[in-house]
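For reference, each letter of the sequence shown is one residue, going 120 to 389 in the numbering used here.
It is worth saying that the hints were derived from the structure and are not from the lab. One thing to keep in mind: the hints can contain errors.
Computed list of lysine-lysine pairs in DSS-like fashion (alpha-carbon distance at most 30 Å, straight line) [stated by the list, open to error]: (1) 131 x 385; (2) 211 x 387; (3) 260 x 131; (4) 385 x 211.
Label pairs and their computed distance ranges (CB to CB) [said to hold, decoys possible]: (5) 127 x 222: 27 to 33 Å; (6) 277 x 143: 21 to 27 Å; (7) 172 x 312: 35 to 41 Å; (8) 312 x 380: 22 to 28 Å; (9) 379 x 250: 47 to 53 Å; (10) 212 x 369: 35 to 41 Å; (11) 225 x 387: 23 to 29 Å; (12) 281 x 307: 21 to 27 Å; (13) 281 x 145: 37 to 43 Å; (14) 222 x 380: 41 to 47 Å; (15) 237 x 171: 40 to 46 Å.
Please read all numbers here as calculations on a predicted model, not as lab measurements. Beta carbons: idealized from backbone N, C-alpha and C, even for Gly.
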Amino acid sequence: MSYLVPTEFVTKMVDAGESKIFMSTRDTLIRAFMAGAILALAAVFAVTIAVQTGVFLIGAILFPVGFCMLYLMGFDLLTGVFVLCPLALLDKRPGVTINGILRNWGLVFLGNFAGALTVAFMMAFVFTYGFSIEPGAVGQKIAEIGHARTVGYAEHGAAGWFTIFLRGMLCNWMVSMGVVGAMVSTSVSGKVIAMWMPIMLFFFMGFEHSVVNMFLFPSGIIMGGDFSIADYFIWNEIPTALGNLVGGLAFTGLTLYSTHVRTGAKRKAM
120 MSYLVPTEFV TKMVDAGESK IFMSTRDTLI RAFMAGAILA LAAVFAVTIA
170 VQTGVFLIGA ILFPVGFCML YLMGFDLLTG VFVLCPLALL DKRPGVTING
220 ILRNWGLVFL GNFAGALTVA FMMAFVFTYG FSIEPGAVGQ KIAEIGHART
270 VGYAEHGAAG WFTIFLRGML CNWMVSMGVV GAMVSTSVSG KVIAMWMPIM
320 LFFFMGFEHS VVNMFLFPSG IIMGGDFSIA DYFIWNEIPT ALGNLVGGLA
370 FTGLTLYSTH VRTGAKRKAM
């Protein structure tokens, strides 16, 4: 399946980070919007499967279909650019600056949020027949998830906040492995297999993904979840995004870059 060795795909990671920093505002927003929308559809797909079958594992096994689709189309998630863009700065690519990285992150955040929010409104409309009836079992489940993963954390105070942060770190450790997985092969089947494994793991373990949550929590509020917008941002989105940044960069981006691009000194043969 045309596997690339680490020195090859890590160089592709740096190249990808550089290209995203210099991408036009229009293209960045469109690609981020589509990524947020597709991942939102994958999330509601997985929740629907879990509710209808009563087996959450089946939903987790099938959730990566959305991730694979969006990356095969070249769309961008915030969790991905968190990992890729700083590598271009570390590699001292010409013209790459911290301001350029922050600009990319801000635009991708806005695009992801707009895409996820659009799908949240569309699915809420579908579940309630234009808000004329109560949401069904899937809508109620989404509302319950929103309550449990905001107010549920808030009940534990600082310990709850840092729990979300750590779940965000663990999430993007796996999700960024999926981003890298899209680069380890030149065939579609190879890319899909490499992406599928870590994404299935993160979803089943209930780790916190900032873009998935951009759909789940606004959707939960729309469908009557007992939590507020402030609860969502303070007790989920902010610590999740920070955890995603630290986890993906520390566990995946920096480790791969430091040992496959900026390698240590060779051991001398005796």
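Verification of the supplied hints:
no. : hint                  : verdict
1   : 131 x 385             : holds (23 Å)
2   : 211 x 387             : holds (29 Å)
3   : 260 x 131             : violated (40 Å)
4   : 385 x 211             : holds (23 Å)
5   : 127 x 222: 27 to 33 Å : holds (29 Å)
6   : 277 x 143: 21 to 27 Å : violated (41 Å)
7   : 172 x 312: 35 to 41 Å : violated (24 Å)
8   : 312 x 380: 22 to 28 Å : holds (25 Å)
9   : 379 x 250: 47 to 53 Å : holds (52 Å)
10  : 212 x 369: 35 to 41 Å : violated (21 Å)
11  : 225 x 387: 23 to 29 Å : violated (47 Å)
12  : 281 x 307: 21 to 27 Å : violated (40 Å)
13  : 281 x 145: 37 to 43 Å : holds (38 Å)
14  : 222 x 380: 41 to 47 Å : violated (24 Å)
15  : 237 x 171: 40 to 46 Å : violated (24 Å)
In terms of the numbered hints stated before, the structure departs from hints 3, 6, 7, 10, 11, 12, 14, 15, listed from lowest to highest.
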